[in-house]
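J.: Chains as they are written, first to last, in our numbering: chain Z, 1 to 114; chain H, 1 to 116.
It is worth saying that the hints were derived from the structure and are not from the lab. Keep in mind that a hint or two might mislead.
Calculated pairs, SDA-like style, for lysine to any residue (alpha carbon to alpha carbon, straight line, at most 25 Å) [as the list claims (entries may be wrong)]:
(1) Lys-81(Z) / Gln-38(H)
(2) Lys-57(Z) / Ser-99(H)
(3) Lys-41(H) / Ser-47(Z)
(4) Lys-57(Z) / Ser-27(Z)
(5) Lys-76(Z) / Gly-100(Z)
(6) Lys-81(Z) / Phe-39(H)
Please read these numbers as outputs of a predicted model, since none were measured by experiment.
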Amino acid sequence: GQNIDQPTEMTATEGAIVQINCTYQTSGFNGLFWYQQHAGEAPTFLSYNVLDGLEEKGRFSSFLSRSKGYSYLLLKELQMKDSASYLCAVSHFMTTDSWGKLQFGAGTQVVVTP
Amino acid sequence: GAVVSQHPSRVICKSGTSVKIECRSLDFQATTMFWYRQFPKQSLMLMATSNEGSKATYEQGVEKDKFLINHASLTLSTLTVTSAHPEDSSFYICSARDSERGETQYFGPGTRLLVL
């Protein structure tokens, strides 16, 4: 079957670091996306990993291990505005059935406290 | 770049009426657009994949006669919720993929539908 797991909620203080893990079991895996979604708003793109390893982009970094079916999003120097839901999404190979569609995890609500 | 708009942002309608939601890619051509639905405190559920000039591909359990999708051009896809009922009340979000920019999907701001 197809399954994407990530923790429901994480709490951290301002200035700290938080790591959000995502594990997946899926066929036709192509790559893994991380999106940020504030309440009542649409998701915004954070990162995309296709190859194994770490991708760093400012305060946010994302890691992928294809052999382990595992990814994490690392948020450094947390700010209050980082309080949001973080969605892990698996992209599938382009076929006439999938068209590169995304399958989303349930999201991890990150709460940043002062 | 990669801006996607949706209209309307919010709609309230009576049960039994139909509602059309537009999704536009403003600064790129979207060969593929996706329609999602999101209930409160839940993740995005893909409803259908819309390809320009061809019929949409619906996910299992999504009624294609109830959720009509038209992808008439490379910058516009529409979702029509026909004979809406209160259980159709949800947050509907579209995304668009620019084949020249790779795999990333860019999301519209969403449409909040409330059916009374």
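J.: What are the numbers of the hints that this structure violates, sorted from low to high?
T.: 4, 5
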